[in-house]
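Visitor: Residues per chain are reported as follows:
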Amino acid sequence: MIRVRNLKKEFRVHRKEPGLIASIRSLFVREHIVKHALKGVSFEVGEGEILGLVGANGAGKTTLVKILSGIIHPSGGEVSVLDHDPWKREDDFRSRIALIMGQKAQLWWDLPAADCFLLLKEIYRIPDGQYRDTLANLCDMLKVSGEINFQIRRLSLGERMKMELIAALLHRPRVVFLDEPTIGLDLSAQRAIRDFLLQYREEHKPAMILTSHYMEDIERLCERILIIRDGEFVYDGALDRVVRHYANHKILTAHLKRWPEEERAAAVARLQGEVLEAGRDQVRVKVDREDVTRCAQQLLSEWPVVDLNIEEVDIGTVIERIFNEKGKVPA
Amino acid sequence: MNARLFALVFSLEARKLMSYRVDFWLNSVIGFAAHFSIVYFLWQAIFSESGSELIRGWSFEMMLLYYVLVILAGKLVRGAEHLGDIATDIYEGGLTRYIIYPTSYLAFKYAQHLGNVVPALVQLVLFATLYVLLLPMPEEAAITPASIAMAAVSIGLGNLLFYSFMAPLQSVAYWADNVWSLNVMFRFSSNLLGGAMLPLTLFPEWGQRVLDFLPFKHLYYVPVSVLIGTMGPAEWLRSLGVGLVWLLVIHLVFRAVWNRGKFVYTGVGI
Ligand SMILES: Nc1ncnc2c1ncn2[C@@H]1O[C@H](COP(=O)(O)OP(=O)(O)O)[C@@H](O)[C@H]1O
Ligand SMILES: [Mg+2]
Chain A
100 MIRVRNLKKE FRVHRKEPGL IASIRSLFVR EHIVKHALKG VSFEVGEGEI
150 LGLVGANGAG KTTLVKILSG IIHPSGGEVS VLDHDPWKRE DDFRSRIALI
200 MGQKAQLWWD LPAADCFLLL KEIYRIPDGQ YRDTLANLCD MLKVSGEINF
250 QIRRLSLGER MKMELIAALL HRPRVVFLDE PTIGLDLSAQ RAIRDFLLQY
300 REEHKPAMIL TSHYMEDIER LCERILIIRD GEFVYDGALD RVVRHYANHK
350 ILTAHLKRWP EEERAAAVAR LQGEVLEAGR DQVRVKVDRE DVTRCAQQLL
400 SEWPVVDLNI EEVDIGTVIE RIFNEKGKVP A
Chain B
1340 MNARLFALVF SLEARKLMSY RVDFWLNSVI GFAAHFSIVY FLWQAIFSES
1390 GSELIRGWSF EMMLLYYVLV ILAGKLVRGA EHLGDIATDI YEGGLTRYII
1440 YPTSYLAFKY AQHLGNVVPA LVQLVLFATL YVLLLPMPEE AAITPASIAM
1490 AAVSIGLGNL LFYSFMAPLQ SVAYWADNVW SLNVMFRFSS NLLGGAMLPL
1540 TLFPEWGQRV LDFLPFKHLY YVPVSVLIGT MGPAEWLRSL GVGLVWLLVI
1590 HLVFRAVWNR GKFVYTGVGI
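Chains as they are written, first to last, in this note's numbering: chain A, 100 to 430; chain B, 1340 to 1609.
Source of the hints: derived by calculation from the structure; they are not laboratory data. Computed from a predicted structure; not experimentally measured. Careful, some of the hints might be misleading.
To be verified - Straight-line distance between alpha carbons at most 25 Å, and here's what the computed BS3-like set of lysine-lysine pairs gives:
#: 1; chain 1: A; residue 1: K304; chain 2: A; residue 2: K349
#: 2; chain 1: A; residue 1: K115; chain 2: B; residue 2: K1601
#: 3; chain 1: A; residue 1: K349; chain 2: A; residue 2: K425
#: 4; chain 1: B; residue 1: K1601; chain 2: A; residue 2: K138
#: 5; chain 1: A; residue 1: K203; chain 2: A; residue 2: K134
#: 6; chain 1: A; residue 1: K203; chain 2: B; residue 2: K1355
#: 7; chain 1: A; residue 1: K385; chain 2: A; residue 2: K107
#: 8; chain 1: A; residue 1: K134; chain 2: A; residue 2: K107
#: 9; chain 1: B; residue 1: K1601; chain 2: A; residue 2: K187
#: 10; chain 1: A; residue 1: K134; chain 2: A; residue 2: K385
#: 11; chain 1: A; residue 1: K107; chain 2: B; residue 2: K1414
#: 12; chain 1: B; residue 1: K1414; chain 2: B; residue 2: K1355
#: 13; chain 1: A; residue 1: K425; chain 2: A; residue 2: K138
#: 14; chain 1: A; residue 1: K134; chain 2: B; residue 2: K1601
#: 15; chain 1: A; residue 1: K187; chain 2: A; residue 2: K138
#: 16; chain 1: A; residue 1: K203; chain 2: B; residue 2: K1601
#: 17; chain 1: A; residue 1: K203; chain 2: A; residue 2: K187
#: 18; chain 1: A; residue 1: K107; chain 2: A; residue 2: K138
#: 19; chain 1: A; residue 1: K187; chain 2: A; residue 2: K115
#: 20; chain 1: A; residue 1: K385; chain 2: A; residue 2: K356
#: 21; chain 1: A; residue 1: K304; chain 2: A; residue 2: K242
Here chain B stands alone, though its shape is the one from the complex (with noise of 0.2 Å):
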């Protein structure tokens, strides 16, 4: 695919999230409100209840200001969430267009999936703004350029990292005709051990430790640790080895569920 057709695809689709503009905001606002208030009332009864100003080296501010984050930085490496599309084409034919028009399928959906970053990017500039200026900022937090640019690869390998997760769950849909229930379960373990439930910290030493090996971590966790700071330099290159590795492999395994998946396509719908 060339750079222009990607770029086209891109704003294309930023500009048609940015143009519902009534979901676009109930989306951030009411979404963020709810997210962010059960944190806030969960971890002030938790450390209300054990009656100590630290959990693990964590403090209360500390804590917040890692789960606005998340939720910020979330949007940014989930992209389209929707990569739901990739299974529809599948089952409801519009793969096929792909399939004639000289271009990748892939990427194409790449280029929209980063065209969902643009409202996320919006929503992290505003909500981060509000937060900076409403809430205390935690002395322990050290957001320097150098983290910011450090966070920033992070994301966008955890960006790379969940579209390469997606994809071939999602084409499964080849072979099955629903792929929900895959979804939802790898959600639900990307979020609980990719540290957007919990800092992962908070886990025991080996769980930690396994961790550590597995792709998770490069979602939710590492961007955030190492923009607040609470990871160096020198982890998070060693962190970022891991995470590239695990790209390629899941890469190399999605190029081969996809070429399979190719005969057995039978271009429903028509």
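For reference, chain A alone in the conformation it holds in the complex (with noise of 0.2 Å):
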């Protein structure tokens, strides 16, 4: 539904120095400077496929996602979305896709939800049987039926959220391009945000594009990702496959009761993996996948263990790293 080919973007910004004389200076004469936002990617998505798309601030996921739903000019590369040409902001198009900013509301600020809804009805022609239907189950779905009276100035940030949400899918579209929806939430609203869209994905097949800093959201939405640094893809496959191959370790916690402090050295020696911390009561390993259990039984038959914990590396922390790395994610 969704189908890139070496797309790029430029801006092109004036760079001024600070200062009078600077200024003045700009009117006559302006240095540009150019900012691959990006360069060159090439991706798909397809029915019913939640892509979640991460990087660092600057990476250029937001550009991309403007270009895809015809806000923005691409400079170069093609561009189809539901066989057609984004920018060309043809009505067939734009009655078929949502674009969903965290950062931005959408609603007019000063009409209650309802008022907005009713101008969405509007807007997308939707037939009135459908449209108490679909609104009905969305306010439902989020529990915000009180709240739609209310000016949307007046909402707090969940339920705006939530009001945005419902004015993005009431004319069910096919295509969901959504730019860190969670951001600024409770954990209760992101939750209740998350199941709302697994729900929708459920009902409706669309194909989505999720952009966000939560890795909880990209975890229980997202079975692939696209991992961009500075405007260029390094990865872009299965959520599972990029976290096995970094995190090809476990994190082992263990309580302990007091004991002297040489014979802890003595056993710290002898401990299998990586010791990250030995201290009075608590000692944490990291160790390799295959070596967990022998680590475990290692740690409960030789040292005096109140409570053990064993943890997954943070899927955020493993996709930090790559980030910061050089060069692609091999595949």
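Dock chain one against chain two, each of which comes alone in its own frame, and use the hints as you go.
Guide: Printed below as a string of structure tokens:
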């Protein structure tokens, strides 16, 4: 449903030194710097797929979403969404997509949500029956039926975001772009939105592209991720695989009863794996996946363990490592 | 944009404005009173200084009537004075939603612009009634059903012209960070050349001839003059033609500006 080939975007930015003289000079000569926000990226997204787009700030995620939704003109390459060129902004295209931005309200700030929805009903020409059903259903799922008569500006951030979601999905779009939809929300609102998106996918099988800084969003919603760094993709594939590749170890944490210092030092020396911490009442060891059971057994038999905890490396940490590394992720 | 959507945008805007009740009354009553007293005392001084009953054919009462109608009809012509919204939408990124939604941004804005005419119409009726009740109607004024109809057409044209002027000015926001000074310049020159500051017959003869070929007089001077009968049907028809040509020209300029602007828009704010 989404096909992108060698997509490029350059921004020309004026460089202006601070100060009055520089301002006056800039009236006559302007220095441009060209910023390469996307350096020729290619990918596809199919029906019912939620693609996670992850990358550091300024990596080019929003730029990509803006091009796919027709807001900005690409500098090069091919883009096809629902067999349309987004830049042409044809009504047939626009009535089948949706864009949700956590950073920016789309709805009319000083209208009640109910009026915003009515406007959208007319904009998308949604038939009465379908409108009533969809609206009731969406409000019910997000539990916001009570707030629908308040002005958008009077809603809390979480409520507003839910209204934005409802507004974006009223016309049952086939392609949905979500740019940091859960930013700044509390955990329960984040969870509600995630469940909601999963259910929407279940029922309507749209193609979705999601960017988020909350790894939990990515973990729960996406099977496939794209990692973007400085305008280039460094990974395109299953989330599992990248985790397995980078997180090939686990961390064991044991809480201890007190025992003599010298005994502990000797035990530490015998321990398998990399000891991260060996304190008076806690020890933390990083071990390869295959060695987890052996290490755990060793801890339990040799150490005065009160409680043992085995954790996966956090996906956020893994992804962050990829952001900061050079080169691509090996396939 | 379909008619139902247009009507909905229009009515939402009108209702929103009327719901700011305090603002609505303060703005209209105090604004009107201030404007009216300036005009009243200024022209009273001028007339008593000159010692004559008529200045270039205008009596004091007729002059007052002209200004009152300019104030009231001017609001109908200007509609949403804050067409500044367009510039704000461009540099704060509010335009993005209309790019995403399958609708026309400009039609949407025009519907809102018209929505602003409703409160102005309420004010017009109210203050015009008060005027008729409290102040003497000058004998030379000839307000007839026919003159009202012609004035209505001219006000419609003025409203479209005003929108068509403001929209390209606002679109400069695609390239510049601040279009406020352009707005001020436009407001000043359109008030002066359009007859909001002075009836245009007070200008020298050659100036009036130049103004005949400019679009500004259709904003204030033509609608009011035709209403009070100082402009006859023949002259009105001729001026209407000029106004329509200008409307077309400005519109074409605007299209060109807007289409170039699209490429510069970066949807800031996300
Ligand atoms: N309107 C713009 N003008 C100039 N540069 C921009 C503009 N928008 C984005 N950029 C630059 O493009 C790069 C990618 O930005 P963006 O896509 O917003 O990143 P993110 O991944 O955080 O969403 C950044 O270096 C940013 O500074
Ligand atoms: Mg971003």
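Visitor: What hint numbers does the structure not satisfy?
Guide: Violated hints: 1, 7, 10, 11 and 19; rest satisfied.
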